[in-house]
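Can you build the whole structure from these sequences, using the hints too?
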Amino acid sequence: LLAAAGVLTLIPGALVIWFVRNYIAKGFALGRV
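Residue numbering for the sequence shown follows my numbering, starting at 1 and increasing by one per position.
Hints are computed from structural coordinates only; laboratory data are not their basis.
The structure displayed is predicted, hence computed values, not measured ones.
Ideal Cβ positions, reconstructed from N, Cα and C, are used throughout, including at glycine.
The reader is advised that the hints may include incorrect statements.
[What the hints assert, rightly or not] Pair by pair, the computed Cβ-Cβ distance ranges are: (1) 28 to 7: 28 to 36 Å; (2) 23 to 3: 29 to 37 Å; (3) 29 to 9: 26 to 34 Å; (4) 11 to 31: 28 to 36 Å; (5) 2 to 32: 38 to 46 Å; (6) 32 to 1: 46 to 54 Å; (7) 32 to 3: 41 to 49 Å; (8) 30 to 1: 41 to 49 Å; (9) 31 to 10: 28 to 36 Å; (10) 22 to 2: 28 to 36 Å.
Below you can see the structure in the form of structure tokens.
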């Protein structure tokens, strides 16, 4: 149960980090152009 709860909190966190990284990368790319 604890492991399942950890995975359930880990996956959204990883998704948020991934989206933020993509957003920042896009922002830098647009800023350079």
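Would you pick out the hints that fail for this structure and give their numbers low to high?
-> none
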